[in-house]
Amino acid sequence: MANTQTQAEIQTSENTLPAAIAGAAGRTRRAALWALAKKGRLFWTLQTVGWTGFFLMHLLSAVGYGKEWGYGVYSLASAVIGFVFTSLAMRPVFRAIWKKPPFVVLSVALATTALCALGVTISKAHAYRLLIEPAWAPASWLGYMTDVQFNLYIILSWAGFYFVINYYMMLRDQKEQALQSARLADQAQLKMLRYQLNPHFLFNTLNAVSTLVLDKQTEPANAMLTRLSAFLRYSLDSDPLQKTTFAEELRALELYLHIEKARFQDRLKLEIDVDPKA
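According to the numbering used here, the sequence shown holds residues 14 to 291 in order.
It is worth saying that the hints were derived from the structure and are not from the lab.
Treat the hints loosely; a few may be bogus.
Said to hold, decoys possible - Simulated crosslink set (DSS-like; lysine-lysine; CA at most 30 Å straight-line):
#: 1; residue 1: 229; residue 2: 113
#: 2; residue 1: 274; residue 2: 290
#: 3; residue 1: 113; residue 2: 51
#: 4; residue 1: 51; residue 2: 188
#: 5; residue 1: 229; residue 2: 282
#: 6; residue 1: 188; residue 2: 256
#: 7; residue 1: 229; residue 2: 112
#: 8; residue 1: 137; residue 2: 80
Use the sequences and the hints to build the structure in full.
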């Protein structure tokens with residue numbers, strides 16, 4: 014009895030685990046879609062993830078060179094400085110020049126990147142003196158050059174990613190707008206054809222009914238009017254852009270063809286062959 018109960022518990026666990034994994038994967042996917050759905054939200058998500066990765070890389074690199082783990086405070090400060098400069102200085106400038114001519118964008122972007130790299134270098138030097146070694150000072154301005162080159166590489170990479178991602182999103186938005194415009198154009202064309210067809214069809218059918226009445230063929234005229242009423246009701250109540258069942262569409266087609274059959278008599282022969290399973 015105990016073995017049976019244990020096996021049942023194991024089986025329940027095995028059945029529950031895939032469901033839990035699937036649920037977690039679904040929640041992760043929804044969170045990712047939420048974070049990437051809007052442009053502003055995407056920026057802050059990538060900004061946070063990117064500078065968090067920079068902090069970890071900076072810390073592990075320092076430890077690899079024999080620094081103490083307490084050096085992580087400076088690594089965190091460096092990441093925060095980069096986060097602030099790129100968010101509050103570079104992003105507003107890049108957004109302001111986004112629609113300017115390419116030469117203006119390139120010139121301003123490079124100048125902004127160079128100034129921010131210099132600002133990051135000076136800010137990191139102050140943070141290093143404040144957090145790690147208060148008595149530290151470079152022998153000359155050349156002492157900053159190595160860090161300036163490193164920061165310029167980081168900031169320039171950030172600028173490159175910013176423009177590439179924004180350009181990609183602009184192309185994606187333009188593609189979506191083009192598809193939406195194409196869909197609207199197709200819908201408008203279908204509706205226009207529908208509005209053109211119905212009056213023309215109605216005019217011809219009423220002429221045929223009038224002819225039948227003049228010939229005193231009351232029963233065929235009445236049958237044609239009944240079918241015309243049913244067809245027009247279906248045509249007006251249904252939306253040609255929405256899905257419908259095959260049975261409803263076939264019923265409307267039969268009404269239309271029988272009206273045409275009454276008009277053209279023996280000149281039109283109908284044969285409907287539909288599999289019952291359809």
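Structure-based check of all given hints:
Distance restraint check for residue 229 and residue 113: the Cα-Cα separation of roughly 77 Å exceeds the 30 Å cut-off, and the hinted pair is therefore not satisfied. Of the pairs offered as hints, the one joining residue 274 and residue 290 holds, with about 27 Å between alpha carbons and a cut-off of 30 Å not exceeded. A distance of roughly 23 Å separates the Cα atoms of residue 113 and residue 51; the hinted pair therefore holds under the 30 Å criterion. Between residue 51 and residue 188 the alpha-carbon distance is near 16 Å, which keeps this suggested pair within the 30 Å criterion.
Under the criterion of a C-alpha separation no larger than 30 Å, the hint pairing residue 229 with residue 282 is consistent with the structure, at around 24 Å. In summary, the hint linking residue 188 to residue 256 is supported, as the alpha carbons are separated by about 26 Å, within the 30 Å threshold. Taking the CA atoms of residue 229 and residue 112, the gap is near 74 Å; set against the 30 Å cutoff, the hint is violated. For the hint pairing residue 137 with residue 80, the CA-to-CA distance comes to about 17 Å; that is within 30 Å, so the pair holds.
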